[in-house]
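Student: Here the protein sequences come in this chain order: A and B.
End of the first sequence sits at 718 in this note's numbering; the numbers just go up one at a time, nothing left out.
End of the second sequence sits at 119 in this note's numbering; the numbers just go up one at a time, nothing left out.
Read the hints as simulated data drawn from the structure, not as lab findings.
Accuracy of the hints is not assured; some may be wrong.
Stretches of chain A that chain B covers, calculated by requiring three or more beta carbons in the stretch to come under 8 Å of a beta carbon on chain B [said to hold, decoys possible]: (1) 645 to 656; (2) 659 to 668; (3) 700 to 708.
Not close to chain A: a few residues of chain B, all C-beta gaps over 10 Å, as computed [as the list claims (entries may be wrong)]: (4) Ser16; (5) Gly25; (6) Gly26; (7) Ile29; (8) Asn36; (9) Ala54; (10) Asp62; (11) Glu65; (12) Gly69; (13) Lys80; (14) Gln81; (15) Asp93; (16) Ser104; (17) Thr108; (18) Val117.
Ideal placement from N, C-alpha and C gives every residue a C-beta, glycine not left out.
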Amino acid sequence: DGGITQSPKYLFRKEGQNVTLSCEQNLNHDAMYWYRQDPGQGLRLIYYSQIVNDFQKGDIAEGYSVSREKKESFPLTVTSAQKNPTAFYLCASSRGTWRTDTQYFGPGTRLTVL
Amino acid sequence: QQQVKQSPQSLIVQKGGISIINCAYENTAFDYFPWYQQFPGKGPALLIAIRPDVSEKKEGRFTISFNKSAKQFSLHIMDSQPGDSATYFCAAGGSYIPTFGRGTSLIVHP
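Same shape as in the complex, but just chain A (with noise of 0.2 Å):
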C-alpha cells in the first residue's frame, strides 16, 4: 500500500516536554509538509520541504522544528517553546509543489499536552 504513515495516532506529553512527531510516505514525493488544524481555523502551515535537506518556514513556525534527511521521512518537533501544541497535526506530500500534483495527507496525530 503506497501511502503516508503518520504515529503515532495519540499523543499525550507533559508540558516543558518536546515531543517529535513522526511522517514517513512512500508514495517516492519530493515535496512534504506539515499543517496544524484547530477546531474553527482550518489548516495552518507549519514547515514544508521541497526537497532533502532542505526545509522553509510556513505561517506558524515558532516552537516547531523539523528535519529532512531521508525523502520518505519528514519529522516534526514540538518543543517546549510552542505556547499552545494541544491540536490535531497534519501531514501531507505531493510529488511536485502543492498547485502542480494532488497534495495527499496522512491520517494525523492528536497532540495533548497536559
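Dock chain B against chain A, hints included.
Tutor: Using the frame of chain A, we list chain B on its own:
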C-alpha cells in the same frame, strides 16, 4: 490575517438537495483553488480544484464555480447524500504555500 474567508461555518441539507459553500480570497496572485473533504479523525482528501483560466469545473456531483473579478469561488454538491456529510475546506495559493479556509461542516439528513 485570514486571506481566505469560507462560509457558512455549518450547513444542513436534506438528501437530494444542493449544498453550496463559498470562499473569498484577497491575494490576486493566487492561482490555484482546491477543495478538500475531511471525515472525522482523518486527514483531508483533495476533492476538486480549479485554476483561474476557467470559470467552472465539474466532476460528478461536485462543481466549482470561480469568479475572478469578485475573487470568489464556490463548491456546489448536487444531489447531496448522507455519505457527503463531512467538513469541507477551500484553499488558495501560489507555488508553495497554501492558505486554507476555516472549514464548513456539512450534514446531509436522510
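Student: Each hint needs a verdict: does it hold in this structure or not?
Tutor: Against the structure, the hints come out as follows:
1. 645 to 656: holds (count 7)
2. 659 to 668: Check passed, 3 qualifying residues.
3. 700 to 708: holds (count 6)
4. Ser16: Holds, because the least Cβ-Cβ distance between B:Ser16 and chain A comes to about 13 Å, which exceeds 10 Å.
5. Gly25: holds (29 Å)
6. Gly26: holds (25 Å)
7. Ile29: holds (19 Å)
8. Asn36: holds (13 Å)
9. Ala54: Violated, since 7 Å does not exceed 10 Å.
10. Asp62: holds (13 Å)
11. Glu65: Consistent with the label, B:Glu65 stays out of reach of chain A, its closest Cβ about 19 Å off (over 10 Å).
12. Gly69: holds (17 Å)
13. Lys80: The assertion about B:Lys80 holds, with a minimum of 17 Å to chain A.
14. Gln81: Label holds. Min Cβ-Cβ 17 Å, cutoff 10 Å.
15. Asp93: holds (19 Å)
16. Ser104: violated (5 Å)
17. Thr108: Violated, since 8 Å does not exceed 10 Å.
18. Val117: holds (21 Å)
Hint compliance for this structure: hints 9, 16 and 17 are not met, and every other hint is.
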